[in-house]
Amino acid sequence: MLSKKFLRRTAVAGASLIGLTAIAATTLWALDRAFPPPLPAELTVSTEVQDRDGELLRAFATPDGYWRLETRLNQVDKQFVDMLVTYEDKRFWNHEG
100 MLSKKFLRRT AVAGASLIGL TAIAATTLWA LDRAFPPPLP AELTVSTEVQ
150 DRDGELLRAF ATPDGYWRLE TRLNQVDKQF VDMLVTYEDK RFWNHEG
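If you use my numbering, the sequence shown corresponds to residues 100 to 196, in order.
Worth flagging that the hints you see were computed from the coordinates, not collected in a lab.
Hints should not be assumed to be uniformly reliable.
[Stated by the list, open to error] Here are the simulated distance ranges between beta carbons:
1) Asp131 / Thr185: 41 to 47 angstroms
2) Lys177 / Trp128: 51 to 57 angstroms
3) Arg107 / Val184: 26 to 32 angstroms
4) Gly164 / Ala124: 38 to 44 angstroms
5) Thr120 / Phe179: 44 to 50 angstroms
6) His194 / Glu141: 34 to 40 angstroms
7) Arg171 / Thr125: 36 to 42 angstroms
8) Lys177 / Arg132: 28 to 34 angstroms
Keep in mind that this is a model prediction, so the values were computed, not measured.
Even for Gly, the Cβ is constructed at its ideal location relative to N, Cα and C.
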């Protein structure tokens with residue numbers, strides 16, 4: 100049979116391990132929130148040629164071959180944004196990232 104002293108030491112060690120694990124997990128979570136990993140450098144946008152009135156005449160693909168036209172949210176159809184968010188991430192408007 101195991102002695103009471105051994106059982107007590109085992110219980111204290113187990114509780115300490117659980118407590119330290121909880122502290123470490125909380126610390127890592129807080130550090131991740133405070134210092135999120137860096138995002139990639141700002142994506143390059145396509146070069147645009149505009150006339151004197153600001154109308155787009157020509158756009159060129161980015162060096163990596165993508166078409167990235169700078170657009171503000173209010174320039175995009177609300178129905179398209181709703182569809183995109185519904186398809187991609189239903190919780191988009193309710194979580195921090």
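Here's how the hints hold up against the structure:
no. : hint                                : in the structure
1   : Asp131 / Thr185: 41 to 47 angstroms : violated (28 angstroms)
2   : Lys177 / Trp128: 51 to 57 angstroms : violated (35 angstroms)
3   : Arg107 / Val184: 26 to 32 angstroms : violated (55 angstroms)
4   : Gly164 / Ala124: 38 to 44 angstroms : holds (42 angstroms)
5   : Thr120 / Phe179: 44 to 50 angstroms : holds (45 angstroms)
6   : His194 / Glu141: 34 to 40 angstroms : violated (23 angstroms)
7   : Arg171 / Thr125: 36 to 42 angstroms : holds (38 angstroms)
8   : Lys177 / Arg132: 28 to 34 angstroms : holds (31 angstroms)
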